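What follows is each chain in one-letter form.
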Amino acid sequence: MANTEQSVHRKRRIVNSLMTILTAACAVFATSILLFIISYIAIQGFSSLSFQFLTDTPKPVGEGGGIGNAIVGSAMMTALAVVLGLPVGIAAGVYLAEYGKNWFGNIVRFVADTLIGIPSIIIGIFIYTLVVMPMGRQSGLAGGLALAIIMLPIVARTTEEMIRLVPNSMREGALALGAPQWRVSWNIVLPAAASGIATGAMLAIARITGETAPLLFTALNSRFYNFFYDQPMSSLTVQIYNYATGPFEVEHAMAWAATLILVGLILVINIFVRFLTRKKF
Amino acid sequence: MESKISISNLDFFYGKAQALFDITLEIPERQIVAFIGPSGCGKSTFLRTLNRMNDTIPIASVTGTVMIDGEDIYKAGTDVVALRRKVGMVFQKSNPFPKSIFDNVAYGIRINGIHTSKADLAARVQKALADAALWDEVKDRLTTSAFGLSGGQQQRLCIARALAVQPEVILMDEPASALDPIATQKIEELVVELKREYTIVIVTHNMQQAARVSDKTAFFMLGKLIEYNPTQKMFTNPDEKLTEDYITGRFG
Chain G
1 MANTEQSVHR KRRIVNSLMT ILTAACAVFA TSILLFIISY IAIQGFSSLS
51 FQFLTDTPKP VGEGGGIGNA IVGSAMMTAL AVVLGLPVGI AAGVYLAEYG
101 KNWFGNIVRF VADTLIGIPS IIIGIFIYTL VVMPMGRQSG LAGGLALAII
151 MLPIVARTTE EMIRLVPNSM REGALALGAP QWRVSWNIVL PAAASGIATG
201 AMLAIARITG ETAPLLFTAL NSRFYNFFYD QPMSSLTVQI YNYATGPFEV
251 EHAMAWAATL ILVGLILVIN IFVRFLTRKK F
Chain P
1 MESKISISNL DFFYGKAQAL FDITLEIPER QIVAFIGPSG CGKSTFLRTL
51 NRMNDTIPIA SVTGTVMIDG EDIYKAGTDV VALRRKVGMV FQKSNPFPKS
101 IFDNVAYGIR INGIHTSKAD LAARVQKALA DAALWDEVKD RLTTSAFGLS
151 GGQQQRLCIA RALAVQPEVI LMDEPASALD PIATQKIEEL VVELKREYTI
201 VIVTHNMQQA ARVSDKTAFF MLGKLIEYNP TQKMFTNPDE KLTEDYITGR
251 FG
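Line by line, the protein sequences are chains G and P. In terms of the working numbering, the first sequence is residues 1 to 281. In terms of the working numbering, the second sequence is residues 1 to 252.
These are computed hints drawn from the structure, not numbers from a lab. Check the hints yourself; a few may be wrong.
Output of the computed footprint for chain G on chain P, the stretches with three or more beta carbons under 8 Å from beta carbons of chain G [claimed, not checked]:
#1 10-19
#2 24-34
#3 122-129
Calculated pairs, DSBU-like style, for lysine-lysine (alpha carbon to alpha carbon, straight line, at most 30 Å) [stated by the list, open to error]:
#4 P:K75 with G:K101
#5 G:K101 with P:K93
#6 P:K16 with G:K101
This structure is a prediction, so every number in the text was calculated from the model and none was measured. Note that CB positions come from ideal geometry on N, CA and C, so glycine has one too.
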């Protein structure tokens with residue numbers, strides 16, 4: 001009797017350690033792929049990095065050239081998308097979580113989920129028809145709009161999820177003090193969900209910063225510095241695409257360097273927002 | 001004794017399911033009334049009809065009248081926000097906001113625009129914390145997170161928060177049920193202390209607690225008010241056999 005019990009215990013301990021090792025191995029595997037990608041990009045890209053590369057515009061092969069205008073273009077279009085998409089997305093998420101338990105909310109939720117699933121190139125074509133054709137040319141505005149549309153449903157749905165995690169007792173506490181519903185949503189629920197919402201927004205920003213397809217139709221590209229939204233605009237992703245598909249080795253090296261910059265920028269944004277929204281209370 | 005709240009023929013429904021049946025009850029001013037009864041008997045539901053917290057449940061409906069200071073709070077056009085300022089509430093689980101200790105207490109004052117200046121706000125926060133017997137424990141860390149307080153302190157913080165908006169009635173939904181005996185004792189002493197200024201309605205599972213703090217006790221079962229009498233009488237010589245059975249622990 002004692003023996004069987006002992007062997008059962010032993011078996012359970014062994015299975016337990018095996019499973020722990022297995023899950024740990026999977027975790028290491030998953031992160032090591034990421035580390036491998038990042039270090040490979042770093043190794044490949046680092047040799048072509050220089051101050052000139054970061055500030056120059058693209059030039060004919062053999063004359064150097066860089067990604068200065070692409071960095072500016074990406075930043076401007078991402079900024080436009082954030083300005084347009086983030087407030088609307090967060091507000092829509094608040095609505096869905098706090099007031100959207102009805103047929104209308106269900107429709108909005110369904111539409112948002114569908115929009116998330118639409119391939120980004122289709123959004124590019126949509127903006128092409130709606131903005132680029134009437135304007136007669138590609139522009140930073142069209143690119144930013146396309147990115148905003150991609151961002152909007154992601155932000156709305158993650159905001160909704162995060163707000164649902166705020167315990168109802170907190171809402172009741174505020175209501176019981178005589179707070180009107182909108183104030184409860186605005187200065188109790190929203191701050192309580194802030195770090196989660198910021199994380200969702202970060203994911204959305206990282207996603208749109210990495211988008212290429214919707215920009216091909218809408219912002220096109222530019223060989224020059226361009227600070228106006230009504231003109232075609234360069235972006236890091238499209239520039240990487242151009243360099244990477246070029247026939248020359250020098251261009252490939254510059255594609256790696258641009259990739260390194262893109263990944264680095266996304267990382268910096270992430271760390272910065274983490275820092276801003278770290279839990280204070 | 002003057003009645004602060006008088007409830008007559010109150011029925012309450014969750015959708016089609018009736019949760020309260022024909023409740024008629026008078027709550028005297030500046031007294032403590034305890035609601036006791038087995039789980040699911042409707043005592044919490046009833047408590048929440050008194051500040052219309054049940055409004056947040058879409059399928060809930062109420063018939064009958066609840067008069068506070070002679071005003072029917074279910075009358076069309078009642079300002080629920082003003083009502084809840086007058087009838088404060090403390091919940092079973094302490095629910096501080098994710099803010100500092102100071103901001104938690106200041107929240108109700110700020111949203112209702114009660115204070116006249118920054119100094120006045122600080123004074124009101126201090127008074128509320130002092131009235132909730134918490135000031136001495138937190139005065140040196142007002143700007144730190146409310147989540148850093150112990151369970152008992154959090155609950156007293158929630159009481160301070162409710163007091164800060166100067167209500168006339170305080171509803172307490174099992175305020176000490178999640179606390180240890182020492183914290184419970186502090187809350188009970190506080191409740192008795194608060195009676196001087198406030199009308200208090202307290203739901204409790206703990207019969208000794210009802211006996212210790214309340215002036216009158218109402219016993220509920222299956223959504224019906226079985227008996228309502230002075231606490232002294234309730235616990236020594238109840239009118240109803242059911243009350244006696246419950247109090248002596250024969251069921252529930």
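Please flag the earlier hints that this structure goes against, numbers listed from lowest up.
-> As far as the earlier hints go, 1, 2, 3 are violated by this structure, in ascending order.
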